[in-house]
Amino acid sequence: MGMDFSTLRTLISRYCVGEENWVDSRTIYIGHKEPPPGTEAFIQQRFPDNRIVSSKYTFWNFVPKNMFEQFRRVANFYFLIIFLVQLIIDTPTSPITSGLPLFFVITVTSIKQGYEDWLRHKADNSVNQCPVHVVQHGKVVRKQSRKLRVGDVVFMKENETFPCDLILLSTSRDDGTCFVTTASLDGESSHKTHYAVQDTKAYITEKEVDSIQATIECEQPQPDLYKFVGRINIYMDNEPVARPLGAENLLLRGATLKNTEHIYAVAIYTGMETKMALNYQSKTQKRSAVEKSMNAYLVVYLCILISKALINTLLKYVWQADSNRDEPWYNNRTDTERQRHIVIRAFTDFLAFMVLFNYIIPVSMYVTVEMQKFLGSYFIMWDDDMFDEELGERAVVNTSDLNEELGQVEYVFTDKTGTLTENNMEFIECCVDGHIYVADAICNGQVMPGATSMDMIDSSPGPGAREHEELFFRALCLCHTVQVKEEETVDGIKHGIHQGKSTSFYISSSPDEVALVEGMKRLGFTYLRLRDGHMEILNREDEIERFELLEVLTFDSVRRRMSVIVRSSTGELYLFCKGADSSIFPRVISGKVEEVRARVEHNAVEGLRTLCVAYRPLSPEQYTEVCHMLNGAKLSLHDRDKRLAEAYDAIEKDLILLGATAVEDRLQEKAADTIESLHKAGMKVWVLTGDKMETAAATCYASKLFHRNTQILELTTKRTEEQNLHDVLFDLSRTVLRQHGGMARDSFSGLSGDCTDFGLIIDGATLSAVMRPAQEDSNSGNYKEIFLEICRNCSAVLCCRMAPLQKAQIVKLIKASEEHPITLAIGDGANDVSMILEAHVGIGIMGKEGRQAVRNSDYAIPKFKHLKKILLVHGHYYYIRISELVQYFFYKNVCFIFPQFLYQFFCGFSQQPLFDTAYLTLYNISFTSLPILLYSLIEQHINVDILKKDPSLYRDIAKNSLLRWPIFIYWTLLGVYDAIVMFFGAYFLFDNTTFTSNGQLMTTNTQMMFGNWTFGTLVFTVLVFTVTFKLALDTHYWTWINHFVIWGSLVFFVVFSLLWGGIIRPFLNYQRMYYVFMQMLSSGPAWLSIILLITASLLPDVLKKVICRALWPTTTECIQTKRRCLASEPSTIFMLSQTSSRISF
Amino acid sequence: MMASSYNAKEEDANHPGAANHAGAGVVKSKKPDNTAFKQQRLPAWQPILTAGTVLPAFFVIGLIFIPIGIGLYVTSNNIKEFEIDYTGANIDNPCYNCAKNFSWNSTAQCVCAVTFTLEQPFESNVFMYYGLSNFYQNHRRYVKSRDDSQLNGDRSALTNPSKECEPYRRSEGSPIAPCGAIANSLFNDTLQLYHIDSNGTLNEIPLVKKGIAWWTDKHVKFRNPGGNNNLTVAFQGTSKPVNWKKPVFELDPEDPENNGFINEDFIVWMRTAALPTFRKLYRIIQKKPSTTPTLPSGKYVLNVTYNYPVLSFDGRKRMILSTISWMGGKNPFLGIAYITVGSICFFLGVVLLIIHHKYDNRNNSADISN
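Protein chains in written order, with our numbering: chain S, 1 to 1145; chain G, 1 to 370.
Heads up, a few of these hints could be off.
With a straight-line Cα cutoff of 20 Å, these simulated DMTMM-like cross-link-like pairs (lysine to aspartate or glutamate) come out [claimed, not checked]: (1) G/Lys144 with S/Asp90; (2) G/Lys31 with S/Asp384; (3) G/Lys38 with S/Glu389; (4) G/Lys287 with G/Glu81.
Per label pair, the in silico range of CB-to-CB distance [as the list claims (entries may be wrong)]: (5) G/Phe347 with S/Asp322: 42 to 48 Å; (6) G/Asp85 with S/Asp90: 35 to 41 Å; (7) S/Pro1100 with G/Pro47: 18 to 24 Å.
Here are some, though not all, of the chain S residues that point toward chain G, as calculated from beta-carbon distances under 7 Å [unchecked claim]: (8) Trp382; (9) Cys907; (10) Phe988; (11) Trp1038; (12) Ser1082; (13) Pro1085.
Keep in mind the hints are simulated off the structure, nothing from the lab.
Every residue gets a Cβ at the ideal spot worked out from N, C-alpha and C, and that includes glycine.
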């Protein structure tokens, strides 16, 4: 068949290029049989078995390894150190205060990780133990998959998935071919033909196969799925025959055998060395941008903490220089303390200060953040809008660590087939000489010209047109490489056509061809089969027409057309040609070119995939000439490709145009709408596909990724062949930059409908040239930069012909560019896995091509359209929520710790805690933790509907805007201000005035004195109320739960304080808080000062909010205000969308 | 991970729940519940802080705070307070000699008399305080140097005080009761107040020494071991704190309800002060049943039995007389703070009013007209 030539061609070209690609080679003995003596002495190599290991721990190393992993986290390590310090030296607080929470966190985490690893073990086992059939000593034996070894001859049946990478030896088909679908591997669901080694294809029983004596030499495994170089040495009568092996002989792990009863193949790469395994990158834990800022803040706070401790230690020793201050008569040290060296004392003091202030970085922040993420992810899973009725699936969250990252996405990398499209080709219409035929599924072979046509040129087709129509349909029925598979059972998925009782399928490597042939069937012409070199067609009158297939001029992407030469039963010779309009029109000499061209352009704009059909009647003399040319080209040894191309070029000329077809790969529902929203939200959408450029481009138009006025820049092999890469890149960048400089920065506003924007198309080969690391000339190193520069200015980029790893490379390239944008990759097939793993956020679509993408993704959604909700709504919310969570946590701990710091100046730097131990421990755990946790779960600053309607709101939070340094500093300063107000407020009330209570609860007219614990309790009460009210002021969405938790936690604080102070606890030997809180509350001035200090603390923040909202409102704030103003009006939403779009300008 | 992707199909097959062709029942179970909570559509009040909404609050706060502040300020100013330093740091101070010649070992008591004049009569109950400066009662080593169990009458703690009391835990082999630095440094000056008549005679003013401590402290937190009777026996086997002149059961020999651990002077001292400058209640001068003021204006003598050295750490001792009001002692800060915050709020209210009129209205009208 036609494929043979291309196979040979690639082989030849490979050998011409030479063998420099051979990294290192391995030798495989088929069936573990040593070659006959006397041949080259091979050294037996050791290969791994077919075991797949993805688990991290074993039973034995779990505890130490897990502990090690956990304490590698800076935060955990920090708390461990604090805990140890508390154990060792005399510190102001007890070790329990930090030990308990740490123990809790560590235990919970290790249980969770242990469980996850157990699941991985289970998964590994089920893969490793699934049965495989292996030929041993002439018999087929069952083996566990993990026991498979390199050199084993494997027997596979139809629909089985290959357990490792195999070289095809023989098949049940006579021609030594087998069909394979790699849907789960690279996303192409079409059937691919693979070939058995010519010299072994005759061995078709297990006995015969077992008798093969051969060795295979091939390269060591490498990840490129489409590349394989090897050689097989077959010993026949001890005479080795060497044959080349190529990718067409290689069956990859993960691919599935189709339409072939059984095959024999030999394992060459096993286990972790299979190409599929090499294509999966190890899944590293992803960290969100928020987490990164959190860590940065943490470092700042660590510095603050250390400097606080240092300052205090230093001041302590300056202050203590006077021995009467150091050791007044009323406060002596113990002897052991006195004898301690001053350096040790100073160091101990430093550590004690560290422990006293360590709450500034609370364990509870980490716990709260983890809980927020974990619980928050349930809202994504519960979302009814992301439930797909058809699939019966809802969103799945695999990693809850990245919820907020969904609100930060700048680049979206999407797969095409199955992600943007439904991966389902459908014949839409054809046009013969300007007459349009719409294939109606129910029309039962009745053509209805004119009934639905729109562009009828003349209402009654003349006899000439009639003839063209007949020819057109026959052309489509004949000019293809579709195979027919007849089957009794109904598989019922795709290509099922019902013909009488039996069911037959059309199989082709191109789904378009299938769609066309099926479309013809619906228009009355059914392609039956190819038999004895004759193609049979069932025409409208139910007669079988037979055409002898003489030549197939196969499709290639340079020519972009294919042809067949057939002889009809009446002996007439025809050449039928179909191909892209651009490659057909120049070769047409007659026919209604204008009408067809108009229709083709119309269809292309609609996003349909169009093909033109033409024919050329051949006289017997012409045919002889054609045969001569073709044979001459085929037989040539050198430049065969070139000569064949020349021959094709010479043959496919003087065509007569018949018409055009339109096929649709239906876009997923609302895909275009989603992409538009993403654009408006300021995201750049890239399509990365393994598909052909033309197809991909059509999809891009259909999905509104490219608009009609998008200027397309091409960076493809075709272009780089004409010019060198360097020039092309510079050309493009010049074009882009010139245009861009001219139109200011308007294009970023997203609504650049009226100004030209750019779309870039690049293919895999060119991309790898661009990405190639700098060689001798330093110029090539800049290619990446130039390429990035071009990309940055393009609103949409299409990368076609991508290998899975290339997709990941692109993502990596963008990730590493100087702005470090947040990337999101979305895909449905196994070919998208590497990019899903590489991107900051990986999203899997629950498509038809297996579950690999879903498994490896961070989030999985049923359809592409759900991306809109998950990004614009959930992402936005979680970003807002977690940024508030982080800032608030740091703020409330500044408020908490800063008074303690100030207090040191008034207690002789003695590390005396201002607050009671219970307050120190519970402040973060219970008094102030629940309100913020709840806020971070249910806050909605804007309604869901508005967020969805107005994607531009997403820009308000772009680039981590709520966690920038100025905002962080504002929060910190606010915390310091509040702390100062609280501390000095209380200080002035206690200092030099009698701050006393009337003690009316006890005995009238008694004056009680307040001590240091009352002072601390007063500050603490103000602190808890201020911090909680601050959150209340930030809450925009008050459900009953918020009310319950906010007021509830305040009530809890009061009740706890009353209980804590009211119960005498002789067994605890701890009574310093006894009745302190109640005594405080019985004093009028205490109430007054609490109210005053809370008001004073909250004042600046309220003021800042109000003034900023009034003077410099953000889009979000405008919308919020608008909503209030217009709440009563009926057309609120309409107005909103109007105003918001106006604002975004 | 990788392997989990390989086995996707197996698991799907094994797992009836995961296979989507299992039927409508499965589909139904996967469909999320359409509850308001799960769909994040709980009914909610959605307040927004704008100039318009905050304005009234500012005015209201201002209008409430200013009168309160004025009230507090006036009340505080009506409180009469008198303070006199009797440390004896200067040579012209009557207690100079006592301060200078202080020695822990001397058994002789040094008494000095400080005269002062009250310009205005003190009405109602008058409270007498002693004040110390530069005395770090809030030092960590000091604050924790006590044993609450011992003070609560626990027998085992009495004979074996907590380690926190070091180095005031044991003296000459026997446990100290009460142990610790706080108890050891109990303020032990005796203050007596005399009024000098117009004819020059000294009238001692009766000072009430009970009712100065927290009720709960006196009745719950502090307890003598084995009840209040026969304290000498109860404290047998313990020794007095090193700096004390007499053991704990002789703090107030006259009144068994005020002796031992439940001595109110002791309890007041044990409540450590928050700041290095503090005052503690010493005595109460009850108002007289007649209409005459409790302390009429005129000359007074403060007789000090000088036992407590403060000069070594640069401290000061004061005696304070003060009346109180409904809001406690003299406290101008609170009133001033209230007035200040109230005025700021009022002022901000005005500023916001301007902003509100200038910006909010303009924005709104502009948006709506578009």
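Each hint, compared with the structure:
1. G/Lys144 with S/Asp90: Measuring from Cα to Cα gives roughly 12 Å; hence the hint holds.
2. G/Lys31 with S/Asp384: Holds: lysine 31 of chain G and aspartate 384 of chain S sit about 7 Å apart, inside 20 Å.
3. G/Lys38 with S/Glu389: Satisfied, since the Cα-Cα distance of roughly 18 Å is no more than 20 Å.
4. G/Lys287 with G/Glu81: holds (16 Å)
5. G/Phe347 with S/Asp322: 42 to 48 Å: Distance hint for phenylalanine 347 of chain G, aspartate 322 of chain S holds at roughly 46 Å.
6. G/Asp85 with S/Asp90: 35 to 41 Å: Since aspartate 85 of chain G and aspartate 90 of chain S have Cβ atoms about 37 Å apart, the given range 35 to 41 Å holds.
7. S/Pro1100 with G/Pro47: 18 to 24 Å: Holds: the Cβ-Cβ distance is about 19 Å, inside 18 to 24 Å.
8. Trp382: holds (4 Å)
9. Cys907: holds (4 Å)
10. Phe988: holds (4 Å)
11. Trp1038: holds (4 Å)
12. Ser1082: violated (10 Å)
13. Pro1085: holds (5 Å)
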